[in-house]
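Asks: Read off the chains here:
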Amino acid sequence: MTNAANRVLWTIIGLGLVAAGVLGVLASQDRLAGTDPGSPLLWPELLTWWRGHQPWGTIIVIGAGLIIAVLGVALLRAQMHRHGATPIPDLKIVGSDPEPRGRTTVRATALVRGLERDLARSARVVGATVALTGASQHPDVWIRLGVRGGDLADTGGLATLRDEIVRILDRFEVTSGVRVGRLEVTARVVSSGGSRVQ
Amino acid sequence: MRVLNRLTLVLLAIALLAGGLLVAVEGALAAAGRPGLVPRESWYRTLTTTEVGDRWPLGVALGLGVLGLLIVGAQVRPWIPDRLAIMIDGWQVQRRSAERHLADAIAQVTAVTNVRATLRGRGRRWRLRIRAAADADSRPAVAEALDRALLRLSAPIVRRPRIRLVRRRVT
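In order, the protein sequences belong to chains L and Y. Quick note: the first sequence uses the working numbering, first residue 1, plus one each step. Quick note: the second sequence uses the working numbering, first residue 1, plus one each step.
Be careful, since some hints might not be right.
Short, incomplete list of chain Y residues facing chain L, as computed with Cβ under 7 angstroms [what the hints assert, rightly or not]:
id, residue
1, V10
2, A13
3, A24
4, V52
5, G53
6, L58
7, G65
8, Q94
9, R95
10, D104
11, S138
Now the stretches of chain L that chain Y is said to cover, found in silico as 3 or more residues with beta-carbon under 8 angstroms [said to hold, decoys possible]:
id, region
12, 34–45
13, 155–163
Not the full set, but computed from the structure, chain Y residues with beta-carbon under 8 angstroms of chain L [said to hold, decoys possible]:
id, residue
14, A28
15, W91
16, H101
17, L165
Keep in mind that the hints were calculated from the coordinates and are not lab data. Glycine included, each C-beta is placed from N, C-alpha and C at the ideal position.
All chains should be modelled from the sequences, with the hints used to inform the complete structure.
Replies: In structure tokens form, the structure reads like this:
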């Protein structure tokens, strides 16, 4: 889930809490039609009902618990995908020769690490984090680059760094056989330190 | 806020997972007539004997409402952008690092110290404020250093950056 999606989700949760709070206060102050402040929070006959509806009562409770747990897992997984898109699956290449037909699997993580290493090899780059999402043959590429700020002045700035990144991505396409779809680069300029800045 | 949102959602996800499993296990234990992991019976007794109009349900409702208001407020409030677009398609710079880079560049000018750069805006509309300790006659040099640094970042044209120079304290 992206930051924007998280913001929307928290807004919805917040509005839900506000609504629950308002309804609760109204009910407790006898201002809500259909409720009685003298009634118990939980229906006292619940236990009798539950015992009278076995095994369905148990099945409903266990099912509800499992659904909540699955929702938790889904939310956890969604938080791992920061770009809101799923990472590419492993790349499967089937040989074109009829006999013997070869099959090669390239791990998605191998592609990611390879591209990260190639980017980090540039003298102007301090570190690179790559995410590949979408289809494995045609992935969208998300790059976070640490850029040496001290060198920017001597090397012509981010515009020339862009040319170098394009060359690296060309190389990536040739070696891996995939075609880069959308490209998103976030540059973090790393200052060389020691300056008189607060 | 972005990091906090993600962290709290991860915690919420873990709570959902643990809570859901606990409900399922409790359901199975109750059906088997075994004692549960939580004091089910005393909770049940409390919930069936407490009335909606009692003091603590009101407190819980108030608490939930206030928590919800705080959450909505924090989300709706405008956020300072984390990244800003530059003139290269698909490229962005991290705002804080760009601020530091601009401040560093201006601090290279002779007799200019304590530079602070504040970058705001959205996408390719940048708004820039510079504050530095320098004499007034350093202004052209500061502006030139700023222009050069912006060019290095392939920044969009910043219309009228606000440069404020305060007199240096002589120590």
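Asks: Against the structure, test the hints numbered earlier, and report the numbers of the ones violated in rising order.
Replies: Those not satisfied are hints 9, 11 and 17.
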